[in-house]
Amino acid sequence: MKSRAKLLIVQLALLGLSGCSGSQSALDPKGPQARSLSDLIWLFTAIGAAIWLAVMIVLLIAMLRRAADRPDPLVLQAPVERRSLLAVGSAAAATLLIVIALTAVSYLSQRRVYAKAQAGVVIKITGHQWWWDVSYESDHPDQMVRSANEIYIPAEEPITVKLAASDVIHSFWIPNLMGKQDLIPGQDNELQFTADRIGIYRGQCAEFCGWQHAHMGVVAVVLPKDQFAAWRTAQTAPAAQPADPIRQKGEAIFQSKACVMCHTVRGSSAASRAGPDLTHFASRKSIASATLPMSRGNIAAWIVDPQGIKPGTNMPNVTLAPDEIDPLASYLEGLR
Amino acid sequence: MKFSLAIGIALATLLAACAREDRPLRSEPVLNENKESIALSSNAPGLGGPVEYKTGTRSQYEKVAFQVSQGKKLFTWYNCSGCHANGGGGSGPALMDDVWIYGSSIENIAASIREGRPNGMPTFRGKIPEDQIWQIAAYVRALGGFVSSDVASSRHDEMYAHPGEGRLPAPPERTTSQAGLAEPK
Numbered sequence: 002m003k004s005r006a007k008l009l010i011v012q013l014a015l016l017g018l019s020g021c022s023g024s025q026s027a028l029d030p031k032g033p034q035a036r037s038l039s040d041l042i043w044l045f046t047a048i049g050a051a052i053w054l055a056v057m058i059v060l061l062i063a064m065l066r067r068a069a070d071r072p073d074p075l076v077l078q079a080p081v082e083r084r085s086l087l088a089v090g091s092a093a094a095a096t097l098l099i100v101i102a103l104t105a106v107s108y109l110s111q112r113r114v115y116a117k118a119q120a121g122v123v124i125k126i127t128g129h130q131w132w133w134d135v136s137y138e139s140d141h142p143d144q145m146v147r148s149a150n151e152i153y154i155p156a157e158e159p160i161t162v163k164l165a166a167s168d169v170i171h172s173f174w175i176p177n178l179m180g181k182q183d184l185i186p187g188q189d190n191e192l193q194f195t196a197d198r199i200g201i202y203r204g205q206c207a208e209f210c211g212w213q214h215a216h217m218g219v220v221a222v223v224l225p226k227d228q229f230a231a232w233r234t235a236q237t238a239p240a241a242q243p244a245d246p247i248r249q250k251g252e253a254i255f256q257s258k259a260c261v262m263c264h265t266v267r268g269s270s271a272a273s274r275a276g277p278d279l280t281h282f283a284s285r286k287s288i289a290s291a292t293l294p295m296s297r298g299n300i301a302a303w304i305v306d307p308q309g310i311k312p313g314t315n316m317p318n319v320t321l322a323p324d325e326i327d328p329l330a331s332y333l334e335g336l337r
Numbered sequence: 003m004k005f006s007l008a009i010g011i012a013l014a015t016l017l018a019a020c021a022r023e024d025r026p027l028r029s030e031p032v033l034n035e036n037k038e039s040i041a042l043s044s045n046a047p048g049l050g051g052p053v054e055y056k057t058g059t060r061s062q063y064e065k066v067a068f069q070v071s072q073g074k075k076l077f078t079w080y081n082c083s084g085c086h087a088n089g090g091g092g093s094g095p096a097l098m099d100d101v102w103i104y105g106s107s108i109e110n111i112a113a114s115i116r117e118g119r120p121n122g123m124p125t126f127r128g129k130i131p132e133d134q135i136w137q138i139a140a141y142v143r144a145l146g147g148f149v150s151s152d153v154a155s156s157r158h159d160e161m162y163a164h165p166g167e168g169r170l171p172a173p174p175e176r177t178t179s180q181a182g183l184a185e186p187k
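In order, the protein sequences belong to chains C and D.
According to my numbering, the residues represented by the first sequence are 2 to 337, in order.
According to my numbering, the residues represented by the second sequence are 3 to 187, in order.
Think of the hints as simulated: they come from the structure by calculation, not from any bench.
Incorrect hints may appear among the rest.
[To be verified] Facing chain C, a subset of chain D residues (Cβ under 7 Å, in silico):
1. Cys20
2. Leu27
3. Arg28
4. Tyr80
5. Lys129
6. Pro131
[Stated by the list, open to error] For lysine-lysine, the following DSBU-like pairs were computed, each having C-alpha atoms within a straight-line distance of at most 35 Å:
7. Lys7/C to Lys125/C
8. Lys163/C to Lys75/D
9. Lys125/C to Lys163/C
10. Lys75/D to Lys258/C
11. Lys163/C to Lys129/D
12. Lys250/C to Lys163/C
13. Lys286/C to Lys250/C
14. Lys129/D to Lys258/C
15. Lys129/D to Lys125/C
16. Lys181/C to Lys75/D
17. Lys181/C to Lys125/C
18. Lys4/D to Lys75/D
19. Lys125/C to Lys75/D
20. Lys4/D to Lys258/C
21. Lys286/C to Lys65/D
22. Lys286/C to Lys129/D
23. Lys250/C to Lys129/D
24. Lys65/D to Lys250/C
25. Lys286/C to Lys163/C
26. Lys250/C to Lys181/C
By construction, the Cβ of each residue, glycine as well, lies at the ideal position given by its N, Cα and C atoms.
Please take these sequences and the hints and turn them into a complete structure.
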């Protein structure tokens with residue numbers, strides 16, 4: 002019976018630990034900035050827990066101790082007075098010390114998290130209701146890349162993120178990689194971070210920005226350096242001309258409907274910048290700011306009824322004839 | 003007794019505040035595009051401006067602040083400013099003055115956007131969903147000073163050469179209608 006209870010406790014403790022890892026967790030750091038923050042979280046938790054435990058022990062002792070018979074309370078007893086003064090004084094001093102130490106530690110950690118290093122890969126991210134416009138800056142125009150809702154980054158290389166907003170305040174936060182930084186209209190913010198583990202991490206707008214704030218996710222894909230270079234080269238290419246007739250019909254629908262009023266497909270005449278760049282749309286992992294996983298079915302669902310999936314989004318319901326949905330979905334699915 | 007009745011009535015009145023303004027999100031089906039029938043000129047002899055037929059749709063758009071501000075956003079997104087320059091006019095006519103070649107009512111403006119007009123204005127039929135056409139038309143009405151100041155915005159988010167649409171002067175009253183110039187409504 003006893004061993005069973007022990008087993009249960011161990012199991013529960015392990016279960017608790019499993020909540021710490023994951024693709025969107027500040028407790029599972031994958032870079033020096035995030036590690037600095039996670040160390041801070043654990044330090045604060047440990048000190049807080051120790052203080053709580055000490056207070057509980059003192060409280061327990063006070064509850065269990067039998068009250069001694071007190072002599073006349075009006076007569077001062079010097080040793081007792083001295084003892085209690087010492088206890089209160091040392092507790093106050095300890096509190097002060099702990100507050101100062103934690104302030105200093107968090108200040109130092111903040112300096113590490115927001116330290117300026119060499120620029121590395123520069124990504125400009127503009128927040129919109131409710132998606133992220135991503136463009137890679139470069140001195141060479143042929144290396145500039147525009148995408149949306151996903152950042153691909155090389156491992157172990159500093160990344161500079163320039164943050165701007167077009168409508169309301171958003172906040173960029175990928176918990177495994179960095180601390181939060183706000184995107185504020187009319188104010189340019191910057192954030193630097195490094196990822197040292199290859200993987201896919203999810204982030205989330207961390208400042209309430211309207212109706213679909215919860216559906217404003219962002220995905221970070223950390224790649225080895227050579228794969229990142231290959232990705233960047235692939236992204237600079239314009240969209241290939243569709244070869245098969247169904248996709249050609251889909252392109253014609255795209256060009257003649259409302260799609261073309263907001264979206265860009267480089268290599269075609271669609272060149273509006275109000276919505277996400279779709280040149281390599283199907284190479285992304287998700288649709289509509291990490292709302293739906295990328296799949297043919299989800300593409301079709303999204304173009305038929307975006308207001309049902311993400312009410313209030315700026316993408317309107319565009320009426321499509323039944324025989325237009327499949328060609329359009331095929332066209333979009335082929336934008337790799 | 004009277005006091006508690008008063009409190010009860012006051013609380014019941016508060017309940018009325020729970021109803022929110024309804025924001026239709028799903029665009030109207032494309033088949034509804036033709037439900038506004040607009041004749042632009044009549045065969046009647048003599049002087050007279052373009053004939054304007056009105057339906058109930060106007061109050062759903064030009065009396066709702068949300069629709070007017072959506073129209074303002076779309077006016078920029080769809081590059082209306084490319085020709086109309088934030089209402090001041092360029093290669094397209096100005097939208098802030100009191101000259102309305104094809105009628106100043108929201109129905110006529112929506113028709114201008116949907117069908118296009120000779121000498122430059124392209125047709126956006128099928129490219130802009132019908133409800134967005136009406137939103138843009140409502141904003142154009144605001145640029146002309148036709149929309150009441152509690153509906154049109156009083157300030158811009160970006161720099162403009164003119165004050166917010168809610169603070170633009172109302173169009174002058176016309177006593178006699180002139181050919182080519184519609185009476186402001």
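To see whether the hints hold, each was checked on the structure:
Given hint, Cys20/D at the interface with chain C, is violated; its Cβ is 18 Å from that chain's nearest Cβ, farther than 7 Å. The interface hint given for Leu27/D holds, since its Cβ lies 4 Å from the closest Cβ of chain C, which is under the 7 Å cut-off. At a threshold of 7 Å, the smallest CB-CB gap from Arg28/D to chain C is about 5 Å, leaving the interface hint in force. Restraint check, Tyr80/D versus chain C: the minimum CB separation of about 6 Å is within 7 Å; hint holds.
Satisfaction of the interface hint for Lys129/D is found here, the shortest Cβ-Cβ separation to chain C being roughly 6 Å, below the 7 Å cut-off. The closest approach between the C-beta of Pro131/D and any C-beta of chain C is roughly 5 Å, which is under the 7 Å cut-off, so the hint is satisfied. Annotation: proposed proximity of Lys7/C to Lys125/C is violated, straight-line Cα distance about 52 Å (limit 35 Å). Distance hint between Lys163/C and Lys75/D is fulfilled; the C-alpha atoms sit about 24 Å from each other, no more than 35 Å.
For the suggested pair Lys125/C and Lys163/C, the alpha carbons sit about 5 Å apart, so the restraint of at most 35 Å is met. The suggested pairing of Lys75/D with Lys258/C holds, with an alpha-carbon distance near 20 Å, which does not exceed 35 Å. A C-alpha spacing of about 34 Å is found between Lys163/C and Lys129/D, which places the hinted pair at or below 35 Å, so the restraint holds. With a C-alpha separation of about 39 Å, the suggested pairing of Lys250/C with Lys163/C is violated against the 35 Å cut-off.
Taking the CA atoms of Lys286/C and Lys250/C, the gap is near 25 Å; set against the 35 Å cutoff, the hint holds. Only pairs whose Cα atoms come within 35 Å are accepted, and Lys129/D paired with Lys258/C is accepted, the gap being roughly 5 Å. The hinted pair formed by Lys129/D and Lys125/C meets the criterion: a straight-line CA distance of about 30 Å does not exceed 35 Å. For the hint linking Lys181/C to Lys75/D, the alpha-carbon distance of about 29 Å falls within 35 Å, and the restraint holds.
Simply put, Lys181/C and Lys125/C have alpha-carbon atoms about 16 Å apart, close enough for the 35 Å limit, and the pair holds. Taking the CA atoms of Lys4/D and Lys75/D, the gap is about 51 Å. The hint is violated against a cut of 35 Å. At most 35 Å may separate the alpha-carbon atoms for a hinted pair to count; Lys125/C and Lys75/D meet this at roughly 23 Å. Annotation: proposed proximity of Lys4/D to Lys258/C is violated, straight-line Cα distance about 63 Å (limit 35 Å).
Between the alpha carbons of Lys286/C and Lys65/D the distance comes to roughly 42 Å, so the proposed pair goes past 35 Å and is violated. With a CA separation close to 28 Å, the supplied pair Lys286/C and Lys129/D stays within the 35 Å bound. At roughly 17 Å between alpha-carbon atoms, Lys250/C and Lys129/D fall within 35 Å of each other, so this suggested pair holds. A hinted pair counts as satisfied when its Cα atoms are at most 35 Å apart, and Lys65/D with Lys250/C does not qualify at roughly 41 Å.
Distance hint between Lys286/C and Lys163/C is fulfilled; the C-alpha atoms sit about 23 Å from each other, no more than 35 Å. Between the alpha carbons of Lys250/C and Lys181/C the distance comes to roughly 44 Å, so the proposed pair goes past 35 Å and is violated.
Hints 1, 7, 12, 18, 20, 21, 24, 26 from the earlier list are contradicted by this structure; the remaining hints agree with it.
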